[in-house]
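Participant: Given next are the chains, with one letter for each unit.
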Amino acid sequence: MTKMHLKLTVNGTAVDCLAEPRELLIHVLRERLNITGPHIGCETTHCGVCTIDMNGKSVKSCTVLAAQADGATITTIEGLSAPDDLHVLQTMFREHHGLQCGFCTPGMIIRAWRFLQENPDPTEEEVRFGMAGNLCRCTGYQNIVKAVLAAAAEMNSAKEAAQ
Amino acid sequence: MNDHAPSRDERIAGLKGLGTSRRRVEDARFTQGKGNYVDDMKLPDMLFGDFVRSPYAHARVTAIDAEAAKALPGVVAVLTADDLRPLGLHWMPTLAGDKQMVLADGKVLFQGQEVAFVVATDRYAAADAVELVEVTYEELPVVTDPFKALAPDAPVLREDLQGQTEGAHGPRKHHNHIFTWEMGDEDGTEAAIADAEVVAEEMIYYHRTHPCPLETCGCVASMDKVNGKLTLWGTFQAPHAVRTVASLISGIAEHNIRVVSPDIGGGFGNKVGVYPGYICSIVASIVTGKPVKWIEDRMENLMSTAFARDYWMKGKIAATKDGKITALDCHVTADHGGFDACADPTKFPAGFFNICTGSYDIPIAHLSVDGVYTNKAPGGVAYRCSFRVTEAAYFIERMIEVLAIKLGIDAAELRAKNFIRKEQFPYHSALGWEYDSGDYHTAWDKALKAVGYDALRREQAERVAAFKRGETRKLLGIGLSFFTEIVGAGPVKNCDILGLGMFDSCEIRIHPTGSAIARLGTISQGQGHATTFAQILASEIGIPADDITVEEGDTDTAPYGLGTYGSRSTPVAGAATAMAGRKIRAKAQMIAAYLLEVHDDDVEFDVDRFVIKGAPERFKTMKEIAFASYNQAIPGLEPGLEAVSYYDPPNMTYPFGAYICVMEIDVDTGVWEIRQFYALDDCGTRINPMVIEGQVHGGATEGLAIAMGQELAYDEMGNVKTGTLMDFFLPTAVETPHYTTDHTETPSPHHPIGAKGVGESPNVGSVPAYSNAVQDAFRAFGHIHAHMPHDHARIWKIADGLGLHA
Ligand code: FES
Ligand code: FES
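Protein chains in written order, with this note's numbering: chain A, 1 to 163; chain B, 1 to 806.
Where hints are given, some of them may not hold.
[Said to hold, decoys possible] The list that follows gives simulated cross-link-like pairs (lysine to aspartate or glutamate, EDC-like), each with its CA atoms no further than 20 Å apart:
no., chain 1, residue 1, chain 2, residue 2
1, B, 173, B, 160
2, B, 406, B, 322
3, B, 290, A, 31
4, B, 721, A, 43
5, B, 324, B, 202
6, A, 3, B, 122
7, B, 422, B, 745
8, B, 474, B, 735
9, B, 34, A, 84
10, B, 623, B, 606
11, B, 623, B, 604
12, A, 3, A, 16
13, B, 449, B, 439
14, B, 70, B, 122
15, B, 148, B, 370
16, B, 34, A, 78
17, A, 3, B, 128
18, B, 449, B, 742
19, B, 422, B, 361
20, B, 34, A, 95
21, B, 34, A, 85
22, B, 446, B, 742
23, B, 42, A, 78
24, B, 468, B, 800
25, B, 583, B, 638
26, B, 587, B, 597
27, A, 159, A, 121
28, A, 146, B, 735
29, B, 34, A, 31
30, A, 146, B, 742
31, A, 57, A, 78
32, B, 42, A, 31
33, B, 148, B, 715
34, B, 406, B, 195
35, B, 583, B, 624
36, B, 721, B, 791
37, B, 225, B, 45
38, B, 324, B, 445
39, B, 474, B, 459
Source of the hints: derived by calculation from the structure; they are not laboratory data.
Quantities reported herein were computed from a predicted structural model and do not represent experimental measurements.
Start from the sequences, fold in the hints, and give me the full structure.
Facilitator: Below is the structure:
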């Protein structure tokens, strides 16, 4: 199948690559760009382990065609931090045991990152609702919710301190 | 200068050993997207495999035409049974002593069965080629009901077994019959039931479901023809067993096979079995000389690898009028699908289902299980449970409720009346187990008090009255569950899989500067072994957990072990870890004595050092001892500080717990909401409370899914009706309740550190709690029992059947 030339900005870097137009964005990321943080759990938009941030929105990258992504600005878990400078969400997921097998975690955290920009001071119920597109089979969500709430509190107090 | 010598308590805290909620070492990589799961692997020239699967549940395969597929650019090979036959690999042994087609050999027995394996340069080319393989099928009559499968004129499913009256587990009494397994005293039980004052009977169905970890199964096989070595990376819960089985069936010498389990995205039993995808990838790699990756998609995962449950359990429970249970009888019709691929220890074709007398002192019991072939997928795995214990716990916890209704006694009181008493341990059950330790009454009282049980019952009665007055359309259900798990298989004398004894192992090396590496025969799939096993060791050998690397999953480096499932890692490998640690300590003691110039018996271990008895100011730390062990010539001792332990447990462990679920149910819509969920677990010694809590939350959420909607449903044609996550229920954060966890601590008397294992308790214990809550809500209206899963429609039907919509 003829390939198309894709231009993307991924985690702050401009990248060019060739891909079949029908390829799923998750496959472009994982196989052509070696970005393996986002995973594949269903390819039918149900599980959310492929979640990335695309043009300022949480997106399930298994349901976006390469052709649709041309020109997009994308952030994945890899773009959130450097190893010596973790994002507070990453710290809180560890602190509150918000992960076990880790398979859902990259999608969870990148979704939580966008969610806290949409709603910086959420209630527990809002977190549960706002994260409902991301499934986890291991944790029962309780500690994920705790981690997101703790991250929100931390980010808000940092903001206040800065003001 | 700071010359503050740490106090003893500070030294203990510094180890982060047993009982510490140590943060997980795994999380650094997982939270940064740096996990290493099998589908993340990329090797030069790697090819992709994909299956052509049967759309029919029962059909003859009369022709396979792969020419068009082979002509597609990028396609390298298309394998069928004919290609595997010369290698003897068109069938493979199952874990249950049966055999299974790797690729359709003349017929197919379930929808989704593997028919041909396409190998191509990328996954898109492989998927395109799958569409082009033309298979000619001749449809055969389909049986999806195990009772109909046993009818005299039922179609013969396994033609390969025709005329064979003896199976892997004794006589077969019908062409679709696999085995009968019997335990207990049939005549005595029958007599006790005949004489009983009260008998309750019920058919209890535990429906077919699936573990469905978010990562599906997959592997990368790479045959290096230059050095003759096969490497197999994959989602294996038991890498050593895979190596041995791969060697036995392929003829490749075991030292030339290396099996590696990288990070695993959840297992829950799904990743114990050996699947056709692994065999086909190995063959394809041998044929093409290139690495071959196979990753199943979600639909394939649900349709073909590892269903769980599917047990029809007919129970009779007898009691005196005042509620003392006198006998229990159970007959199970077990639907195993087209091949018997259950992952049970060889001598237990129905797993440990004979724990079905539960937590109760039942003087006499009888159990028989009939395994049956149907046109459904093979599997029968322990979905977050120890070999059919979940089925057993659900069965007895429903029977208790049914009996309570019949007796007109409160179900909490009926349980307390029949619990095995503390002083009866070790307790020999009527169906053959020796329960190691327990204190059920204490746990039960604590649970009832915590939820305010009596007040809840009053509220429920008021609600029923209000409902009858027309003031509300919501009912309140109180779901009780008390369970006893049996985990840690083990003992090799009666537990093996395919002849492989179920011990486990740990090998420890202390480095000269006093840090260490421990390797185990198990493999974590999210349980946090790298964190918790280091804690066991820290307490045993006095080296901080942070200075201990734990490695698992590579058969070239890890000692042999039977892997992680059935909550066996802590009871078996955890014990091996402690025992290996004790060997290290024994040698360290001799070294310390030499260095302190005293007799071995004159020093004793104290947290992180050996001290001279009565003179604790004279000591040698483990760090000093480690250095000396390598660098100082000590008469009579070999240099180095290493140990290995292979642990064969003397018995299993019996964790237990009390779960209570309070549920609101809307009678008109069947919509439920969980108001409260309380989980008390007793898993003996607690290694890492944070990890234990996490396991309970996760297991109870899996239980929620199973009880309230998750199902592998088939229609009469054998079509899978729930093949995607659209139809197969996985709860989101919205419907998942908040859990309150609690514990008591009754150590196992035979485990070196008293730990019992916990990972699977919450699945075992929570399913009856949810189901009992639903059924309890309708008890006041004459309801006795309805089958799971309790989705909204089925709950609505219960209400409708009781005339509550009139
Ligand atoms: S893989 Fe994209 S939602 Fe499941
Ligand atoms: S941590 Fe395993 S799926 Fe979420």
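Participant: Indicate, hint by hint, whether the structure satisfies it.
Facilitator: Results of checking the hints against the structure:
1. B:173 with B:160: holds, 16 Å
2. B:406 with B:322: holds, 11 Å
3. B:290 with A:31: Judged against 20 Å, a Cα distance of about 18 Å means the pair holds.
4. B:721 with A:43: Since the Cα atoms of residue 721 (chain B) and residue 43 (chain A) sit roughly 18 Å apart, the hinted pair holds (cutoff 20 Å).
5. B:324 with B:202: holds, 19 Å
6. A:3 with B:122: holds, 14 Å
7. B:422 with B:745: Holds - the C-alpha atoms of residue 745 (chain B) and residue 422 (chain B) are around 13 Å apart, at most 20 Å.
8. B:474 with B:735: Cα-Cα ~18 Å, so holds.
9. B:34 with A:84: Cα-Cα ~14 Å, so holds.
10. B:623 with B:606: holds, 13 Å
11. B:623 with B:604: Holds, at about 16 Å.
12. A:3 with A:16: Cα-Cα ~12 Å, so holds.
13. B:449 with B:439: Distance of about 16 Å is within 20 Å: holds.
14. B:70 with B:122: Since the Cα atoms of residue 70 (chain B) and residue 122 (chain B) sit roughly 14 Å apart, the hinted pair holds (cutoff 20 Å).
15. B:148 with B:370: holds, 13 Å
16. B:34 with A:78: It holds: about 8 Å lies between the C-alpha atoms, which stays within 20 Å.
17. A:3 with B:128: holds, 16 Å
18. B:449 with B:742: holds, 12 Å
19. B:422 with B:361: holds, 11 Å
20. B:34 with A:95: Given pair residue 34 (chain B), residue 95 (chain A) holds - Cα atoms ~18 Å apart, limit 20 Å.
21. B:34 with A:85: Holds: residue 34 (chain B) and residue 85 (chain A) sit about 15 Å apart, inside 20 Å.
22. B:446 with B:742: holds, 9 Å
23. B:42 with A:78: holds, 18 Å
24. B:468 with B:800: With Cα atoms ~15 Å apart, residue 468 (chain B) and residue 800 (chain B) stay inside 20 Å; holds.
25. B:583 with B:638: holds, 14 Å
26. B:587 with B:597: holds, 15 Å
27. A:159 with A:121: Roughly 12 Å separates the two Cα atoms, so the pair holds.
28. A:146 with B:735: holds, 16 Å
29. B:34 with A:31: holds, 15 Å
30. A:146 with B:742: holds, 18 Å
31. A:57 with A:78: Distance of about 17 Å is within 20 Å: holds.
32. B:42 with A:31: holds, 8 Å
33. B:148 with B:715: holds, 14 Å
34. B:406 with B:195: Holds, at about 17 Å.
35. B:583 with B:624: holds, 17 Å
36. B:721 with B:791: Between residue 721 (chain B) and residue 791 (chain B) the Cα gap is close to 15 Å, so the pair holds against 20 Å.
37. B:225 with B:45: It holds: about 14 Å lies between the C-alpha atoms, which stays within 20 Å.
38. B:324 with B:445: holds, 19 Å
39. B:474 with B:459: holds, 12 Å
Hint compliance for this structure: no hint is broken.
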